[in-house]
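Student: Residue numbers (our numbering), protein chains in the order written: chain A, 1 to 432; chain B, 433 to 547.
Worth flagging that the hints you see were computed from the coordinates, not collected in a lab. Remember, predicted model here, so these are calculated numbers, not experimental data. Positions of the beta carbon are idealized from the N, C-alpha and C atoms, including for glycine. Treat the hints loosely; a few may be bogus.
What the hints assert, rightly or not - When the alpha-carbon atoms are kept at most 16 Å apart in a straight line, the in silico EDC-like pairs for lysine to aspartate or glutamate are as follows:
id : chain 1 : residue 1 : chain 2 : residue 2
1  : A       : LYS97     : A       : ASP71
2  : B       : LYS482    : A       : ASP71
3  : A       : LYS97     : A       : ASP110
4  : A       : LYS54     : B       : GLU524
5  : B       : LYS484    : A       : ASP64
6  : B       : LYS485    : A       : ASP71
7  : A       : LYS58     : B       : ASP520
8  : B       : LYS470    : A       : GLU75
9  : B       : LYS484    : A       : ASP78
10 : B       : LYS470    : A       : ASP78
Stated by the list, open to error - Computed far set for chain A versus chain B, every beta-carbon distance over 12 Å:
id : residue
11 : ASP78
12 : GLN123
13 : PHE198
14 : GLU312
15 : TRP365
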Amino acid sequence: MRWKYFLVWSALSAGSAWAADPVAVDWSKIPTVNVPLFFPAQSSYEWLRSDAHKGGAKEVKRGDACTSCHDQSDEERDLGTKLVEGGALEPTPVKGKNSFVDLKVQAAYDTKNAYFRFQWKTQNAFPGSEHQYLRFDGKEWKIYGYPKLDQVVREGKQPGIYEDRMSMMIDDGKVAGFAQQGCWLTCHDGARDMANVFTKEQVAANPLLQAIKKNDVRKYLPATRIDPSDWKTGKPVEEIAKIKAAGGFVDLIQWRAHRSHAVGMADDGYVLEFRNSDAGKDMFGSNADKETHSPKFMWDAKKVGYKSITAEQLRKGNHFLIREKNAVPFDPNAGWKEGDMVPDYILSREDAKGSAADNNAIANWKDGMWTVVIIRPLGLANNDDKALKEGGVYNVGFAVHDDNITTRGHHVSFVRTLGIGTKADIRAVKLP
Amino acid sequence: MKHRILASMLIAFSTAVFISSQAVATPADADAATALAKRNGCFKCHAVDKAKKGPSYQKISAKYKGKPDGESQVIKNFTTGPKVKMDDGTEEEHKIIDTKNPKEIKNLANWILAQ
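Pulled out of the complex, with its shape left as it was, chain B reads as follows (with noise of 0.2 Å):
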C-alpha cells in the first residue's frame, strides 16, 4: 500500500514536471523558424549539431533551456547585436534578424531552444 501511494506519488509529480516544462518552450514551428533563420544567413556561422564559428544550436540551447530567462537571452542575441566571441577568440557583432514581428522571433527562439 505505501509503495502504491508513493508510485501515484511519484507519476503525478512526473505528469506535472513534463506539463509544466511543456507550458514554458512554446511547440516551434521548424519550417517557418528555420526559413526565418536561412533568410538571415544563420546557417553560415551555426549548425544544429556542430559547432561552426559560431556554437551548435544543441549547445545553445543546452545553455538556456529550462532557465526561466532563457527564451529572452536567446532572442536577445539575435535581435540586439551583441558582441559575440567567435571560433577563433575575436569579437564580432552578433547579426540582428531581419524582423520585428514577436511571434517570428519567439518561435525562432523556441525552434533553438528545442535543438
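Only chain A is shown next, with the shape it has when bound in the complex (with noise of 0.2 Å):
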C-alpha cells in the first residue's frame, strides 16, 4: 500500500514542472491511433537486402518503404504470427510468446510538452515491474534472473525475470530511409541476439566500438559504416560526430516499467553509431561493485521492513530500490543467507542529470493492461535531442517489450507519421 503512495507522489510531485497534469488531461476527447506492433524476429536491415526476402529485396534496396508491399490491414498479425513459432529468422522461439500487440496511441500538447499516451495489454496476468537481481549463494552474489531469449532461461537454470518497455523513436526528416522503413535502419546482423552475432574477439579488434568504449553491438545507423551492412566497419569517430552535428541520429525514448517507472520517468537516449544514453545521467545504474559484484545499496529496513527479499517474494508487490527513497548502503555484515535478493539496478531521480533526464512518465498497469503517458519537453535544444515543435512532422517508430524479454523479442510497428498540431498518422491534439 504504502508503494502505491509513494508511486501516485512521485508522479504527481514531479508534475510541477508540467504544463499540463496528464492525470488530468481528458483522454477521451484526444483521438485513439491503433498501431498494430508485430514480433519481427532475426528480419535485420541485412535480412531485408537479401534473396531470402523473397520479392522484397531489390525495393528495400531502392529505398522503397516497408508499406508498400505490407499494407493489409491485418499485415501485422500475419508477419508476427508468422515469425513467432520460429523458422530461419526466428532460431530459439519462446513458447507461448504473443505475435502482436495492438497498442493505442494518443498525443496531445501544450505550451509546454508533448504527452504521449501509450495502451497495450500485457501477455501475463501482472505488470512486467520485476528485473534483474543480485542473489545471494551463500559465498557470493550473483545474477539471478535473465530475458528469456537467453540460454540459462531457455535451459531452464535460470527464471525469465526482465522488465516491460514501451519505446518510442522519432527521426526529424534527417535520416535518410527512416520515414520508409523505420526501425529496420537500425536493426543489424551482428548485434545481440540477432543472427552472426559479435564475439568478444570482433569486438576488441573493433577500431569504432574501442574508441566509443563499448563491448558489445547494439543498434546503429547505416551512415555510421563504410558498408552499412557490416558492423565492423565502423567510420572514424570524427565523421560520426559530424553526421550528429547535421542531426543524423534518431532519438530513442524508452519507458522502463522497473528502472524509469519507479522514479517517474521515461529514459532519453538516441541511435547513431550505437544505442547511446544522452549525456548527463540515467535514473538508473548498476547496483553491483565492479570488483566484487556484491552489492552497492539494499533496501533500508527502517522505511520498508526488508533489507532484501527471496524469489518466494517475486511478483508481490513493487520491488524498486530508489537511493533517495529506501536504500541505504549496503552492509556485508548484515547476516546474509543463501537466497537473499537486492535488485541489479539502483533507481535514482535526484541523480538523474542533464539530457538523459528530459523525460517524465506516468504509468499504470490495471486488468491485463499498461497505460503509460511519457511527457516529453517540447523544443529541446541538446545536440542529442529531437526537437518537437508545435507545426512539426516527425518519423515514428513504437516498440513493446512484453513478457521477460529484451532485444529482438519486442513488438515494433512500421514506421508512421506524428505532427504536433499538424495533419499526420498521428496528430498531437493541442490542449486548452
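Join the two chains, each given in its own frame, into one complex according to the hints.
Tutor: In C-alpha cells form, the structure reads like this:
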C-alpha cells in the first residue's frame, strides 16, 4: 500500500514542472490511433536486403517503404504469427510468446510539453515491473533472472525476469530512409541476439567500438558504417560527430517498467553509431560493485521493513530500490543468507541529470493493461535530442517489450508520422 | 405498337446479354480466393484498386473480363510463372501459386475478373 502512495506522490511531485497534468487530461477527447505491432524475429537491415526476403530485396535496396508491399489491414498480425513460431528468422522461439500487440496511441501538447499516451494488453496477468536481481548463493552475489531469449532461461537454469518497455524512435526527416523503413534501419546482423552475433574478440579488435568504449554491438544507423551491412566497418569518430551535428540520428525514448517507471521517468537516448544514452546521467545504474560484484545498496529496513527479498516474493508488490527513498549503503555484515536478493539496479530521480533526464512518465497497470503517458518537453536544444515543435511532422516507430524479454523479443511497428498540431498519422492535439 | 415491340425486343436482348455474361464467369467465393491470394503473398504486389509493384486487380479485370480467353490468361499468369514487367521497367518471373486444385485456381481467377 505504501508503494502505491509513493508512486502517486512521485508522479504528482514531478508534475509541478508540467504545464498540463497528464492525469487530469481528458484523454477521451483525444483521438486514438491503433498501431499494430508484430514480432519481427531476426528480420534485420541485412536480411531485408537479401534474397531470403523474397520479392522484396530489390525494393528495400532502392529505398521503398515497408508498407509499399506490407499494406494489408492484418499484415502485422500475419507477419507476427508466422515469425514467432520459429524458422530461419527465429532460431529459438519462446514457447507461448504472443505474436502481435495492439497498441493504442494518443498524443497531445501544450506550450511546454508533448504528451504521448500508450495502452496495450500484457501477455501476463501481472505487470512486468520486476528486473534482474543480485542473489546471495551463500558465498557470493550473482545475477538472478535473465531475459527469456538467453540460453540460461531457455535451458531452465534461470527464471525469465526482465522489465516491460515501451519505446519510441523519432526522426525529424534528417535520417535518410527512416520515413520509409523506420526502425529497421537500426537493426543489424551482429547485434545482440541477432544473426551472426558478434564475438568478444571481434569487438575487442574493432576500432570504432574501442574508441567509444563499448563491449557489444547494438542498434546503429547505416550512415555510421562504410559498409552499412557490416557493423565492423565503423567510420572514424570525427566523421560520426559530423553526422550527429547535422542531426543525422534518431531519438530513442524508452519507458522502462522497472528502471524508469519507479521514479516517474522515461529514459532518453539516441541511435547513431550505437544505441547511446543522452548526455548527463540516467535514472538507473548498476547496483553491483565492479570488483566484488556484491551490492552497493540494499533496502532500508527501517523504511520498508526488509533489507532484501527472496524468490518467493517475486511478483508480489513493487520491488524498486530507490536511492533517495528506500535505500541504504550495502552492509556486508548484515547476516546474509542463501537466497537473499536485492535489485541489480539502483534507481534515482534525484541523480538523473542533463539531457538523459528530459523525459517524465506516469504509468499504471490495471486489468492486464499498461497505460503509460510519456511527457516530453517541446523545443529541446540538446545536441542529442530531436526537438519537437508545434507544426512539426516527425517519423516515428514504436516498440513494446512484453513478458520478460529484451533485444529482438519485442513487438514493433511500421513507421508512422506524428504531427504536433498538424496533419499526420498521429496528430497531437493542442490542450486548452 | 411499333415502340412497344421495339422495347420488348430491347428488354429481351438485354436480359440475354446479362444471362450470357453471368454464364461466362462463375461467381467467385471471395473469402476462399482472398485467403489463397494472401497465403501466396499476392497482395504484396497487387491490390484491388491501386497499382503496387504489379497492376491492380481492377486493371487486370478490365484487361481480361469478357474476353473468350480472359480466365485462362489470368490463370496462366499465376500458374506458369511467365516474365512480367514490374513498375520500374524490370522483368521478373511471376510467382506460381501453391495449389494445383483446379477449383481453387478457377475461383481465384474469377475473383480477380470480378474486381
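Student: Now look at each hint and say whether the structure bears it out.
Tutor: Here's how the hints hold up against the structure:
| no. | hint | result |
| --- | --- | --- |
| 1 | LYS97/A - ASP71/A | violated (24 Å) |
| 2 | LYS482/B - ASP71/A | holds (12 Å) |
| 3 | LYS97/A - ASP110/A | violated (39 Å) |
| 4 | LYS54/A - GLU524/B | holds (12 Å) |
| 5 | LYS484/B - ASP64/A | holds (11 Å) |
| 6 | LYS485/B - ASP71/A | holds (12 Å) |
| 7 | LYS58/A - ASP520/B | holds (11 Å) |
| 8 | LYS470/B - GLU75/A | holds (10 Å) |
| 9 | LYS484/B - ASP78/A | violated (20 Å) |
| 10 | LYS470/B - ASP78/A | holds (10 Å) |
| 11 | ASP78 | violated (7 Å) |
| 12 | GLN123 | holds (26 Å) |
| 13 | PHE198 | holds (32 Å) |
| 14 | GLU312 | holds (48 Å) |
| 15 | TRP365 | holds (35 Å) |
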